[in-house]
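Peer 1: If you read the protein sequences in the order shown, they are chains A and B. Per the working numbering, the first sequence starts with residue 10, numbered consecutively. Per the working numbering, the second sequence starts with residue 52, numbered consecutively.
Each hint should be verified, as a subset may be incorrect.
Said to hold, decoys possible - Okay, the calculated beta carbon distance ranges per label pair:
| hint | chain 1 | residue 1 | chain 2 | residue 2 | range |
| --- | --- | --- | --- | --- | --- |
| 1 | B | Asp295 | A | Asn162 | 46 to 56 Å |
| 2 | A | Arg42 | B | Asp343 | 49 to 59 Å |
| 3 | A | Gln100 | B | Asp295 | 54 to 64 Å |
| 4 | B | Asp295 | A | Leu27 | 16 to 26 Å |
| 5 | B | Arg81 | A | Leu618 | 51 to 61 Å |
| 6 | B | Arg334 | A | Asn70 | 21 to 31 Å |
| 7 | B | Arg334 | A | Arg42 | 37 to 47 Å |
| 8 | A | Leu618 | B | Asp343 | 22 to 32 Å |
| 9 | B | Asp343 | A | Asn70 | 44 to 54 Å |
| 10 | B | Gln60 | A | Leu618 | 33 to 43 Å |
If you are wondering where the hints come from, they were derived from the structure by calculation, not from laboratory data. Ideal Cβ positions, reconstructed from N, Cα and C, are used throughout, including at glycine.
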Amino acid sequence: MSWPGFVSLGGAWLFLLLVPLVIFYFLKLKRPRMDIPSLALWRSVLNDQRVNAPFQRFKRNLLLLLQALLLICLALAAMQPFWPSGADRAQYLPILIDTSASMGALDTAGGRSRLEAAKEEIRKLIDNLLPDQRLSLIAVSSTARRLTDFSDNKRVLRDALAQIEVSPVASRLEDALRMTQALARTVPVETVVLYTDGNVPADIDFELPFQLNYQKLPPAGQNIGITAINARRSGERWDVFVRIDGSKEAQTTAGVQLLKNGQPIDDEVLSLEPGQSQRIVFHVDGEGPSSLEVRLKPDGFDSLASDNTVYLDLPVGRPLTVYCPPDLTSFRHALRGLKDVTLYPQDDGKGGASSYDLAISDRPSDAALDAAVLVSVGVLPDDLAKLVKVDSEIAEVVDWQRSAPLLQHVLLTDVQIAERPVSAAGVRDRDYEEQGYEILAQGRTGPLVLKKDASGRPSYFFLFHTDRSTLPYRVGFPILVTNAVQLAQAQAGLAEARGQSTGLLAPRTLKSETVYRVTAPDGEAVVSKTNAEGLLSGVSAAQVGRYRIEEGGREVASVGVSLLTGAESSLASVDRLQFKEIAVGASETILKSDRPLWPFFAVLGFVLLLAEWWFFQRRPGGLPA
Amino acid sequence: METVTASAQFTKLLDNATLSRLEKMRLNPRRRLTNRSRGEHQSGKGGSSTEFVDYRDYSPGDDMRYVDWNIFARLERPFIRLYRHEEEMHVVLLVDASSSMQFEDKFEKARQLAAAFGLMALMGVERVSAYSCNHVGTEPSCMAPCTGRVSRRRLFEFLEGIPAGGDFPIDEAVDAVLRRHRGRGIVVLLSDFLTFGDFQKPLNRLFSAGLEIFAVQILSPTELNPEIAGDLRFVDCENGQTLDISSAGDLLGIYHEHRLALEEELGILCRQRSGRFLSISSRDSLDWFLFDLLKRKGWVQ
Numbered sequence: 010m011s012w013p014g015f016v017s018l019g020g021a022w023l024f025l026l027l028v029p030l031v032i033f034y035f036l037k038l039k040r041p042r043m044d045i046p047s048l049a050l051w052r053s054v055l056n057d058q059r060v061n062a063p064f065q066r067f068k069r070n071l072l073l074l075l076q077a078l079l080l081i082c083l084a085l086a087a088m089q090p091f092w093p094s095g096a097d098r099a100q101y102l103p104i105l106i107d108t109s110a111s112m113g114a115l116d117t118a119g120g121r122s123r124l125e126a127a128k129e130e131i132r133k134l135i136d137n138l139l140p141d142q143r144l145s146l147i148a149v150s151s152t153a154r155r156l157t158d159f160s161d162n163k164r165v166l167r168d169a170l171a172q173i174e175v176s177p178v179a180s181r182l183e184d185a186l187r188m189t190q191a192l193a194r195t196v197p198v199e200t201v202v203l204y205t206d207g208n209v210p211a212d213i214d215f216e217l218p219f220q221l222n223y224q225k226l227p228p229a230g231q232n233i234g235i236t237a238i239n240a241r242r243s244g245e246r247w248d249v250f251v252r253i254d255g256s257k258e259a260q261t262t263a264g265v266q267l268l269k270n271g272q273p274i275d276d277e278v279l280s281l282e283p284g285q286s287q288r289i290v291f292h293v294d295g296e297g298p299s300s301l302e303v304r305l306k307p308d309g310f311d312s313l314a315s316d317n318t319v320y321l322d323l324p325v326g327r328p329l330t331v332y333c334p335p336d337l338t339s340f341r342h343a344l345r346g347l348k349d350v351t352l353y354p355q356d357d358g359k360g361g362a363s364s365y366d367l368a369i370s371d372r373p374s375d376a377a378l379d380a381a382v383l384v385s386v387g388v389l390p391d392d393l394a395k396l397v398k399v400d401s402e403i404a405e406v407v408d409w410q411r412s413a414p415l416l417q418h419v420l421l422t423d424v425q426i427a428e429r430p431v432s433a434a435g436v437r438d439r440d441y442e443e444q445g446y447e448i449l450a451q452g453r454t455g456p457l458v459l460k461k462d463a464s465g466r467p468s469y470f471f472l473f474h475t476d477r478s479t480l481p482y483r484v485g486f487p488i489l490v491t492n493a494v495q496l497a498q499a500q501a502g503l504a505e506a507r508g509q510s511t512g513l514l515a516p517r518t519l520k521s522e523t524v525y526r527v528t529a530p531d532g533e534a535v536v537s538k539t540n541a542e543g544l545l546s547g548v549s550a551a552q553v554g555r556y557r558i559e560e561g562g563r564e565v566a567s568v569g570v571s572l573l574t575g576a577e578s579s580l581a582s583v584d585r586l587q588f589k590e591i592a593v594g595a596s597e598t599i600l601k602s603d604r605p606l607w608p609f610f611a612v613l614g615f616v617l618l619l620a621e622w623w624f625f626q627r628r629p630g631g632l633p634a
Numbered sequence: 052m053e054t055v056t057a058s059a060q061f062t063k064l065l066d067n068a069t070l071s072r073l074e075k076m077r078l079n080p081r082r083r084l085t086n087r088s089r090g091e092h093q094s095g096k097g098g099s100s101t102e103f104v105d106y107r108d109y110s111p112g113d114d115m116r117y118v119d120w121n122i123f124a125r126l127e128r129p130f131i132r133l134y135r136h137e138e139e140m141h142v143v144l145l146v147d148a149s150s151s152m153q154f155e156d157k158f159e160k161a162r163q164l165a166a167a168f169g170l171m172a173l174m175g176v177e178r179v180s181a182y183s184c185n186h187v188g189t190e191p192s193c194m195a196p197c198t199g200r201v202s203r204r205r206l207f208e209f210l211e212g213i214p215a216g217g218d219f220p221i222d223e224a225v226d227a228v229l230r231r232h233r234g235r236g237i238v239v240l241l242s243d244f245l246t247f248g249d250f251q252k253p254l255n256r257l258f259s260a261g262l263e264i265f266a267v268q269i270l271s272p273t274e275l276n277p278e279i280a281g282d283l284r285f286v287d288c289e290n291g292q293t294l295d296i297s298s299a300g301d302l303l304g305i306y307h308e309h310r311l312a313l314e315e316e317l318g319i320l321c322r323q324r325s326g327r328f329l330s331i332s333s334r335d336s337l338d339w340f341l342f343d344l345l346k347r348k349g350w351v352q
C-alpha cells in the first residue's frame, strides 16, 4: 500500500496556526449582550434535553471545528501532497513524441489520430505535474525538435503540446535520443518517455545512458498507401512503376488514378490481400517534361491520408552526350554500339559540346571537362601523386567491388595489366580515403580503380591504361562501358526517375551562387543559395506536395514530394526497440504520474467554507411557516 | 384624509371612531358571575326583571303572583312564569406594567386593550376597576371601582398614567390584586405571561374569587419570531439575570416549540376554569383584534 507523499513539507508549519485559532476562538466567546423581555422561555429551552444532547454539544463548537478543518485543509494543500503512482519519480522528464507520418493514422473513420491519443496521455502528465517536476517536450520525426525547455509551466507545456503536428516523414529516433543525451548533461535525467505508435526502426544505433519508457499507443485502423514510384525510360516512353502496400488488417480495394500535368490520363482498380503489396505499371509518353501525380482512392476506411498521393517529375528524353578522344578506340568502339548515345568528337574529328553527360579520356587535360560523369584512363590524379606511382611491371587484380555500379557484372579475374600502380611506402587504404577516394579494384601493390565524388559528380580513375591490359578483349569490357553509360544516364536523369520522398529536397544543380526561393505546398517559403558548383541542397521538405523553386519571382523548377515510406504506410509496429547493448520493450501499462492532491484539499476547504456559511445562515428547522 | 388632532381625541389610547364602535359592544362572559347589587347584567338565576325566560311547574309555596293564569285556563294546570334577574357584574382590568412589557409596543397595546375592555364594561353599566403592577413589594396601582358612562374619563386617565417598568411578575400581581378586590365578574389579564412562576395557583384563585378569566397574551414580533444567531448573552430586562446561548440559531426551533407550549398551557389552564385565552402580537391591528377576532371568539357581542 502506498502512502501519500508531500512535495513541500515546510507547509506543515501552517498547522501551528491551529493554536492561535483555538485561542482566538475562545477569546471571541465574549458574547454580545442582548436585552430580552424575559429569560423564562430561553431558560426552559436550555433545560430541554435535546439542547444538551451530544450532537447539540458538538454543534456548540461546530464553528471551531469547521474553522480547524478549513485550516487543516489549507495546510495540507500548502504541503502539496501527491498520491504516488508507484513508478520512480523523476524530477526532470524528457518526453519524446513521435510525429512521423504514421502518427497521423486514425483509429476509426472520423476518429482520433495516434498523435491526438499521445497528446491526451501527455496532457494528463502535464495536468498532474508536481511543483518540483519539469517536463521537456521533444518532437521526433526524421529529426528531433525540442519544443520546450525543462519547464513546470503548464500553460507553456500545453501550448507547445497543442502546436505539435504530424510530419509526413519517416521516423528516426537517433537524433532525439542524442538530443536527450545532451540534455542529460545539464540536468539529471534518469528516465525518458517515448510516445509512439511503434512504427519506428527496431534497431537503433544508440547506447542508452538512461532508462527509456517506451509507451506504445493503441494501433490504428487499416491503411493502404503508395510506397514507391519510379520510372524507367523505354525508348520513346516512360514506364512508371507504382507500388501500393496495404496494412495487415483486412482486404482492401482502391482505385489508382494517374495525372500528367494535372490531367488524368489513366486509372486502375486494384484489390489487396491483407499485408500484401501490388505494383502497377503506367505508360507515359516521353516527348516532353512531365509532372506526374498518382492518386490513390481507397474504397473503404483509410487511416492515413498522406500516403495516398505521390508525385514524380519526368525529364525530357534526349540522347546521352559522351566525350571520348579518338585515341581510345576500344571505348569508342564499345560506345558506338549503344543506343541514344551521341559520341564526341565525331568520327571526322569535328563537333563538340560545352558539357557532357559522360567523359572517358586518357588525357590529363580532359579532367577539366564539364562532364557529369568522368572516367579517366591511365591518368594519375595530381592529389595521388605522393601516394602512388605507376611502373611498367605486370599488375594483377586481387579483388574488386562487384556491387559498384561501374564494375557490376564485370569479371576482372585473370586480366593482364602491363602497368602496375604501387603505393608509396607506408601508404594504406585509409590514406586514399582521406583524399576522398574509394578503392573499387585493388591490386597487389596498390589500387587499380578509384572513385571520387566531387559535388555530386562521380569520377572514376583507372590508374592503368586499359590499352595496356587485356581488359578491352574481355567480355566484361562492353559491360563496363555500358555501366558507365548507365551511370551517366542516371546522373542526368535520362534513364530513370524516382519519386522524391519527404525529408530533404534532393540536391539540384542550378546557377552557381544564386539565391533561390523555395515555396512549400502550404505556402511557407525558405530562401537558399546555391554553392559555387550551383548545387542547391539542404532544403527541408517535410510536406507532401509540390515545392516551387523560384529565382527572382520566376519559377525555375517544381519538385513533387511524396511520403514514399513503406514502413510508415504499413503502420507496422515493433514491440521491442533493440539498442546497441540492450532491448527496450513496450510498456504494457499506461504511464501514470504522481497525482497531486492539493486541488482536492483546496476544494474541500472551499466546501467547508460554504458549509460554514450555510450552516450559520440557514433558516433553523422548526420555525413556523 | 382628515387629520384628527390630539386635542380632539377623547383619549390618547383609542381614537374616537374606535371608541364609538366599542360603546356599542358588550362583554360576553360564559359564566354569569354577578353581584347582588342591581345592574343591567342578566344573572343566571331567576329574577324579577321584565324579561321573560321560561315556564316551570308550580310548586307549593311559590308566589302566586307569578302563576300564568291564561295557561292555567287552557290547560287547567298551574305554571309559574320565570323572569331573568339582572345583577351588576364586576370587571377587573389587570395590566402588566413590568419592564418586559416595554418591548416593542407591548405595553401600549395592553393599555389600549384595557381601555377597550373597560369601555365596553362601563357602557354595559358594569363596575370596572383597574390595576397595574410594576415593582415587587409595592402595592399595585389601582383605580377604584366605578360604573357608568361618566367614568370613562377616569378610566382612560388611569390607564394613560400607568408608569412602565418594574419586575412584578404577573402571577404575583394576581395575588396582590385579589387581596384588595371584592366582587364577582370578569378579570381581564393583559400580560406577556413570560414569568418563571406557576400560573395554576393564581388562576385557581381568580376562579375561586368568582372571576371569569379573559387572558390576553401580548408578545412582540421579536418574541414571536426572533432573528438571532451565533453565541449570545441574554440579559433579562426585569432582573438583570444573564443567560449564555451558543448557536442561538439552532435553538430557535426548540424556542418556538416552548413558546407554543406555553401558549397551549395557558389556554388549557384558562379553559379548565371556564376562562378564555388569546395570544396576539403587539403589531397586530387593534381593529382586527377588537372588532373581528373578539367577536369571532365570542368574547364580545
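Peer 1: Give a verdict on every hint.
Peer 2: Hint by hint, here is what the structure shows:
1. Between Asp295 (chain B) and Asn162 (chain A) the CB atoms are about 54 Å apart, so this pair conforms to the stated range of 46 to 56 Å.
2. In this structure the supplied range 49 to 59 Å is violated for Arg42 (chain A) paired with Asp343 (chain B), their Cβ-Cβ distance being about 39 Å.
3. In this structure the hint that Gln100 (chain A) and Asp295 (chain B) lie 54 to 64 Å apart at CB holds, the actual value being about 56 Å.
4. Our hint of 16 to 26 Å for Asp295 (chain B) and Leu27 (chain A) holds, since their Cβ atoms are close to 25 Å apart.
5. At roughly 59 Å, the beta carbons of Arg81 (chain B) and Leu618 (chain A) sit within the given window of 51 to 61 Å.
6. Taking the beta carbon of each, Arg334 (chain B) and Asn70 (chain A) are about 37 Å apart, not inside 21 to 31 Å as hinted.
7. For the pair Arg334 (chain B) and Arg42 (chain A), the supplied restraint of 37 to 47 Å is violated, since their beta-carbon distance comes to about 25 Å.
8. In this structure, Leu618 (chain A) and Asp343 (chain B) break the distance hint of 22 to 32 Å, their C-beta atoms being roughly 49 Å apart.
9. Under the hint 44 to 54 Å, the C-beta atoms of Asp343 (chain B) and Asn70 (chain A), about 48 Å apart, fit the expected range.
10. The hint said 33 to 43 Å for the Cβ distance between Gln60 (chain B) and Leu618 (chain A), and at roughly 57 Å that hint is violated.
Violated hints, listed in ascending order, are 2, 6, 7, 8 and 10; each of the other numbered hints is respected by the structure.
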